[in-house]
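Q: As a plain string of letters, each chain reads:
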Amino acid sequence: MLKKFFALIIVACLLALTACGTNTTSSGSGKAVDGGTLKIGLSSNIASLDPIGYTSTYESNVMRSIFDTLVKYNNDNSKIVPSLAKSWTISKDNKSYTFNLRTNVYFQKGKFQKGRKMTASDVKYSLERSLNQSAMHRIRDIKKITVINNHQVKIDLDTPYAAFLPMLTDMGNAIVPKEEVKGWGDKFGMHPVGTGAFTFKKWVADSYVLVDRNSKYWGPKPHLDAVKFAIIGDPNTMSNSLASGDIDVATNLQGPSILTIKKNKNLNFVSDQGLQVSYLSFNFKSGPTKKLKVRQAIKLAMDKEDLLKGSFKYGGAKVADLPLPRASWGYDQKLADQNKTTVDVKKAKKLLKEAGYPNGFNTNVYVVPARVPIATIFQSQMKKIGINVSIKTVEWGTFSDTVSKAKAPMYIMSWSWYPDPDFFLYQMFDSKQIGSLGNGGGYQNKQLDQLLTKATADTTDQAKRKAIYGQALEIINKDIPHVNLFDQDVVYGTSKKVHGFTISPDSSITIASDQTNAWLSK
Amino acid sequence: MLKFIIKRLINLIPTLFIVAAIVFIITRMIPGDPASVLLGPQASASDVHRLREQLGLNDSVFVQFIKYLNDLIHFNLGQSFAYKQPVLTLILERFPNTLILTFCAFFIALLVSIPAGVIAATRKGSWMDYLFTVTSLFGISIPVFWLGLMLVLLFSVTLGWLPATGMASSGDGALAFITHLILPSVTLSTIPMANFSRITRASMLEVMNQDYITAAKAKGVSHFFVVMKHGFKNALTPILTVAGMEVSSLLGGAVLTETIFSWPGMGQLIVEAINKRDYIVVQGSVIFLAVLYVLINLAVDILYKVVNPKISYDTKGGK
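Residue numbers (our numbering), protein chains in the order written: chain A, 1 to 522; chain B, 1 to 319.
Read the hints as simulated data drawn from the structure, not as lab findings.
As the structure is a computational prediction, the values presented were derived from the model and not from experiment.
Even for Gly, the Cβ is constructed at its ideal location relative to N, Cα and C.
Be careful, since some hints might not be right.
[Claimed, not checked] With a Cα cut of at most 27 angstroms, we get these calculated DSSO-like pairs of lysine-lysine: (1) A:Lys340 x A:Lys291; (2) A:Lys228 x A:Lys109; (3) A:Lys432 x A:Lys464; (4) B:Lys84 x A:Lys187; (5) A:Lys178 x B:Lys84; (6) B:Lys84 x A:Lys201; (7) A:Lys111 x A:Lys187; (8) A:Lys285 x A:Lys432; (9) A:Lys201 x A:Lys111; (10) A:Lys290 x A:Lys432; (11) A:Lys111 x B:Lys84; (12) A:Lys182 x B:Lys84; (13) A:Lys124 x A:Lys111; (14) A:Lys202 x B:Lys84; (15) B:Lys305 x B:Lys233; (16) A:Lys109 x B:Lys84; (17) B:Lys310 x B:Lys233; (18) B:Lys84 x A:Lys228; (19) B:Lys67 x A:Lys187; (20) A:Lys349 x A:Lys202; (21) A:Lys124 x B:Lys84.
[What the hints assert, rightly or not] Distance windows between CB atoms, simulated: (22) A:Lys290 x B:Ile26: 34 to 42 angstroms; (23) A:Val147 x B:Gly56: 34 to 42 angstroms; (24) B:Phe145 x A:Glu474: 47 to 55 angstroms; (25) B:Trp161 x A:Arg116: 43 to 51 angstroms; (26) B:Phe145 x A:Asp272: 28 to 36 angstroms; (27) B:Phe65 x A:Asn266: 50 to 58 angstroms; (28) A:Asp344 x B:Ile182: 57 to 65 angstroms; (29) B:Leu88 x A:Asp272: 40 to 48 angstroms; (30) B:Ile22 x A:Ser215: 53 to 61 angstroms; (31) B:Thr179 x A:Asn149: 52 to 60 angstroms; (32) B:Leu88 x A:Glu474: 50 to 58 angstroms.
Same shape as in the complex, but just chain B (with noise of 0.2 angstroms):
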């Protein structure tokens, strides 16, 4: 098991490499110049060439690559050129938001969905069944924009029961933080609360069809302890594989939601960075999520290892 994390882990620097490499073509490629886009539209074009140098952006692209990559190698995702602040300053004032939020709408989706989910596949054919397919379709197809808004029309505008938008600060207290999390994680919640929802229900009715469970059954053990020991603990596999996607989605793809709920988190970062042409914090940012998003894989690996002993990663062992 060791071994196979350290490969993981080794595995990660080509992955960074390439990750680094297309983010740096990518952003290159884009037309618009970042020091014109930083002084706006008043500014001289003596000022604009000024700012380039400054910003090290009339060096040739190979030379910009070549100083980006030594600075990724001592560990530094480089500074900002809107900001002024180095790029990991700002990532981790951001992140921890944006790890409230998809923690919350994941809890959410995960208490909704895998009931739903068991008692579909449970009750195959009756109008829950039924019921929660249904939801859970509109619960991809809805988009998430139109539902923060309808939601915010109806809890803040219209009832006053929640604030519209924002983050509660250190000072502001529990229920404000609460109150401020609702509506953006319940509108982030419901693309994952579909999917798990679908693959619960999927996983379920397969495992629920193999012999041992009938053998289970014909044993006298109760329903309950039929579908959660032997159903539900088999079907987490799969679970855990989309849970595993859906987090690490969730943690670079919440833009949307930040946005509609000024939600101060790295979607928003990401964004502006992409209209500021701010290249740099482009670049780390999609760094970071990278490494996140392998990191989170290799957590979903070694779960399934606690979830199914069976599972073995000992290549030297045949199966």
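For reference, chain A alone in the conformation it holds in the complex (with noise of 0.2 angstroms):
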């Protein structure tokens, strides 16, 4: 009977789903009241909250909340604003950075530790810890960190790196207490203690993690009482949390996850400008990718609409044309449109035939579970030049693991990091990452090289540096080493109780600051 009377009620939901909406609160947003506990869902798993032992956004995020950096972009990353450093110069030959701290910057209270004051020697205990001890080097190149005085530290760079400020704002280099990290030792990723606007309560394992406001943060006081960042894996169960309920925001939404939100008109869907940019890259060590001609009539034969269209038929993507996204400084709109191509069948197959394939030839495109559907337009898209493309689909151990020891003859992926074009266009087509994911065809260009070394050595000011993008884009535009697919939005849902709430382009999740404090509305 039971089982007869699940039917009835699944029948029953289905219906009620077709015909109506949901009944979740809503109110109007108005003056910022404080309290309440906001939940966001986080769509991967956390496993450590040490900046030298973090390896995901999810857990950078959550960090966010708990410490601070030097530095900071600000909310929709178009500049550094600063952070526990009020101020900083840069000496005349870019090799040197001193900031000036904040004085009223205190620790939150730890197991090892009463709360005590931030201090230069804590910047530089920190620093020094993720320059030796990171896995992922999130720092480099430094010579040598000195403090001045208690509130003024100087870092001496190897080399003038014009990206070092981006570099700093990344989690991995946020400020530590020592006491606290030694006093935890390994499992002081599980009790992070910082100088953030929430403090660290709670770890659920596989579950959440919840943070309470702190009450002595040097910026304004947060409006909530607590943040709490739930770990919900599949796409549809995040939408279904946010619309029954369970959380306020919902993250990283995908597929048709994106639709079930835009249905609701309880809930508020966001889709901004994101840092995230995807591309079909090619072998250029072995295989008929290594010719220009053949890349040039692949770029050719590529309805790139098309692929969006199926494969972002929920939205969430625009249809890309340089290899930074739009949400980077370097991005230049004159020559993403001198790069883009309309789709001439018989041109590429001319081109083709010219490079020695007349008809065509036999191939494999590596792509991860998610993007079989691009995948798939795309093989399709080949066949009328007469390129057979077989689809491997593997999982992202695998993916990584074949691309970066140049064993893909096509791969797609996307890449996304800070908003500074280094991040971008050094990872990606410099020859010195060849054996990286990054650069995983073992793309390799040396006047490309020279211009990419040249934009973070000579200068710090961006007009400049994005001049020199601007030359290197053209260089890797004529090249093409990838066919430029979407750039990706940062695609999320809220309740209509949150307000001040954004994620940044990078997909960085601020809570509260000195630029930004999320409220509830009763």
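Please dock the two separately framed chains into a single complex, following the hints provided.
A: Here it is in structure tokens:
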């Protein structure tokens, strides 16, 4: 009988879903009020909250509430603004950075210290710890860190590096108290203590992390009493949890779950410019794709609009024509327009013939399971010019291994990092990155290498650097190591009672700081 | 009996060695490097190499296996690459959650399926028999993830009666604990529920055709007494076998339910460990579950004896 009952209610549920919306509470915006716990759904698990041990955006988004860095990006990632350092100066040779620290910063209370004042020694300790102990090398090329006085610290670099400040915004370079790190040892990642707007309270494995308001926070008092970061791996469960009121913010929305949120009048759907670019990459070490004419032919036969419609039918991305995302300051619309192509199968076939493949060839494209729809459309587009593409669907571990060893003839993936072009162009196209996932195709161009080094060594002036990156982009567009596919948005949903909450283009979440202060209406 | 238990426990050692060897070989055969998965797409080749060295992955596979066996002999399941914590700690944190979910699902399954199976058998050919047979077929056929999502859509999103995800923790109260448990337990219970009702029906049908049942009926014993005392008790042995197997598979196989409901159990731990190539966690979890599987089967064998004292494990005694 119970089965019959379930069968009936499932049918009733399906009918109800097609007929009407849901009844989540909502209220308008107004004057910010204090109190409440904001519940945010994170789509992947958390393994460590230690700055030198974390590996994912999900972890850094929790850490952003607990820790602070010397400098940070503003909400739209357009410029670097003060954080624990209220100001800084850069020497003329671009090799020395002197930071003037805030004087009113206290660590949260922990087991091994009672909430003492943060000083320049803590900055030196934390950055040296990151430099020497982090597996990810989130800071590099530092020659020396000198404590000038309690509130001034100087960092000397081995070589001038204009992308040094963006590097300091990484949660891997957050400032930590030595006593807590030493006291907890390897377990500091499970008992994090920093200077952020919220204090770590509880971590239930695979379930959630809870942080409470830090009453001694140096910035404006956070409106929220607490924030709960709930781990919800399944995208459908994520949108259902938002609709049911289990969570207030659903992040990393994908596929049909976007539609669930969009359709629900009681929820807000947000799709903002992100910092993630997707692309098809070619192997330069072996196979037909070594030849420029083959790459040109493939590019000409690709209909990106079709690929976009097929793989992002619920929205959340735009066609890309540059390897830099639109949200990066290095993005140049003129160069993007120049790089646009219209589908020309006839010309593509001619190019293939000239390259020595009049009848096309057989090849493979490697993708992770989520990108099978893109690969399938790409496969059918290639058939038109005689290239028979087999889709190799592998999960992430195998994908990264195959690609970084240049064993994939072609692969589709995406890239995201800081807004500074160095973290896209150097990582994906400099020959020093061959062997890493970024330049898995093994692309090499000496002139480009020189320009990419020049862009970070010669000047810290953004306009001058943009001009150098412009030249670099022209070379990349000509060589076609990638066919740029999409510029992905940051897509999330919130309940209507959430106010003042944004996710930055780099997918980072800051709940409360001197820049932002989220709150919940009653 | 004691001899039997000791013998079975000794048998556990070669079983575990074989399990350890197989799982070790399989994890090493999967393409993909734990260091590059851990460090993510932005890591440089030198960072990956350095981490491989730290994790001992640059040693030969044979050396890694010997080190692993040495750890096992010392009851050490190793340290997770990703969590940097002992594997046993990770398992013990999550295992109680899986245990709660499993036993709740198991209890619901038994509560519904045993009476359904008994009724179907005693009224063979009736509309109730057909109803239970068809619904149990549905129970086995409905994909767990679909049923889970439908239940969430109805009870959480549309009606707002029950939470959609997660598990209540200490401090949330008993009500929160129960409400969080209902949907995942019901979802997980469908397959064992269907299996139990089918096996109960089949087993009861066989027993109810025995001569002693006819004799009991002829003696004028009440129908209820005939079914429960003479019928059900004697039909219990195959039900117990299936129950033992179901509990074992539920403990290791609640992966889909745990994923849909974000239930922090063993299934999630193992799936994530496989995705992250956290070999040590995969190996440790499989060995832990293998021990559990053997112990549950041992417990079932002991229960056979309790249910049916005629069963003998004394090999010297002949039959």
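Q: None of the hints should be skipped; say for each whether it holds.
A: Hints and how they fare:
Of the pairs offered as hints, the one joining Lys340 (chain A) and Lys291 (chain A) holds, with about 20 angstroms between alpha carbons and a cut-off of 27 angstroms not exceeded. With a C-alpha separation of about 19 angstroms, the suggested pairing of Lys228 (chain A) with Lys109 (chain A) holds against the 27 angstroms cut-off. With a C-alpha separation of about 23 angstroms, the suggested pair Lys432 (chain A) and Lys464 (chain A) falls inside the 27 angstroms cut-off, and the hint holds. The suggested pairing of Lys84 (chain B) with Lys187 (chain A) holds, with an alpha-carbon distance near 8 angstroms, which does not exceed 27 angstroms.
Using a Cα cut-off of 27 angstroms, the hinted pair Lys178 (chain A) and Lys84 (chain B) holds, with the two alpha carbons roughly 20 angstroms apart. Between Lys84 (chain B) and Lys201 (chain A), the direct Cα distance comes to roughly 21 angstroms. Compliance with the 27 angstroms bound is thereby established for this hinted pair. Using a Cα cut-off of 27 angstroms, the hinted pair Lys111 (chain A) and Lys187 (chain A) holds, with the two alpha carbons roughly 12 angstroms apart. The hinted pair formed by Lys285 (chain A) and Lys432 (chain A) meets the criterion: a straight-line CA distance of about 15 angstroms does not exceed 27 angstroms.
Under the criterion of a C-alpha separation no larger than 27 angstroms, the hint pairing Lys201 (chain A) with Lys111 (chain A) is consistent with the structure, at around 12 angstroms. Using a Cα cut-off of 27 angstroms, the hinted pair Lys290 (chain A) and Lys432 (chain A) holds, with the two alpha carbons roughly 19 angstroms apart. A C-alpha spacing of about 21 angstroms is found between Lys111 (chain A) and Lys84 (chain B), which places the hinted pair at or below 27 angstroms, so the restraint holds. With a C-alpha separation of about 16 angstroms, the suggested pair Lys182 (chain A) and Lys84 (chain B) falls inside the 27 angstroms cut-off, and the hint holds.
A C-alpha spacing of about 22 angstroms is found between Lys124 (chain A) and Lys111 (chain A), which places the hinted pair at or below 27 angstroms, so the restraint holds. For the given pair, Lys202 (chain A) sits about 18 angstroms from Lys84 (chain B) by alpha-carbon distance, which is consistent with the 27 angstroms threshold. Between Lys305 (chain B) and Lys233 (chain B) the CA atoms are separated by roughly 13 angstroms; this keeps the pair inside 27 angstroms, and the hint holds. Our distance criterion of 27 angstroms between C-alpha atoms is met by Lys109 (chain A) and Lys84 (chain B), whose separation comes to about 25 angstroms.
Distance check on the hinted pair: Lys310 (chain B) and Lys233 (chain B) sit about 13 angstroms apart at the alpha-carbon level, within 27 angstroms; holds. Using a Cα cut-off of 27 angstroms, the hinted pair Lys84 (chain B) and Lys228 (chain A) holds, with the two alpha carbons roughly 24 angstroms apart. A hinted pair counts as satisfied when its Cα atoms are at most 27 angstroms apart, and Lys67 (chain B) with Lys187 (chain A) qualifies at roughly 24 angstroms. A C-alpha spacing of about 61 angstroms is found between Lys349 (chain A) and Lys202 (chain A), which places the hinted pair above 27 angstroms, so the restraint is violated.
Proximity of Lys124 (chain A) to Lys84 (chain B) is assessed by CA-CA distance (about 25 angstroms); at most 27 angstroms being required, the pair is judged to hold. Restraint check, Lys290 (chain A) to Ile26 (chain B): a C-beta distance of roughly 36 angstroms satisfies the suggested window 34 to 42 angstroms. Between Val147 (chain A) and Gly56 (chain B) the Cβ separation comes to about 37 angstroms, which falls inside the hinted range of 34 to 42 angstroms. For the pair Phe145 (chain B) and Glu474 (chain A), the beta carbons lie near 49 angstroms from each other, so the given range of 47 to 55 angstroms is met.
Against the hinted window of 43 to 51 angstroms, the Cβ-Cβ separation of Trp161 (chain B) and Arg116 (chain A) comes to about 49 angstroms, which satisfies the hint. For Phe145 (chain B) and Asp272 (chain A), the Cβ-Cβ distance of about 31 angstroms falls inside the hinted range of 28 to 36 angstroms, so the restraint holds. The hinted range of 50 to 58 angstroms is satisfied by Phe65 (chain B) and Asn266 (chain A), whose Cβ atoms lie roughly 56 angstroms apart. Checked against the hint of 57 to 65 angstroms, the pair Asp344 (chain A) and Ile182 (chain B) passes, with Cβ atoms roughly 59 angstroms apart.
Between Leu88 (chain B) and Asp272 (chain A) the Cβ separation comes to about 44 angstroms, which falls inside the hinted range of 40 to 48 angstroms. Separated by about 54 angstroms at the C-beta atoms, Ile22 (chain B) and Ser215 (chain A) satisfy the suggested range of 53 to 61 angstroms. Between Thr179 (chain B) and Asn149 (chain A) the beta carbons are some 57 angstroms apart, a value that agrees with the proposed interval 52 to 60 angstroms. Checked against the given bound of 50 to 58 angstroms, the beta carbons of Leu88 (chain B) and Glu474 (chain A), roughly 57 angstroms apart, stay inside it.
Checked against the numbered hints given earlier, this structure breaks only hint 20.
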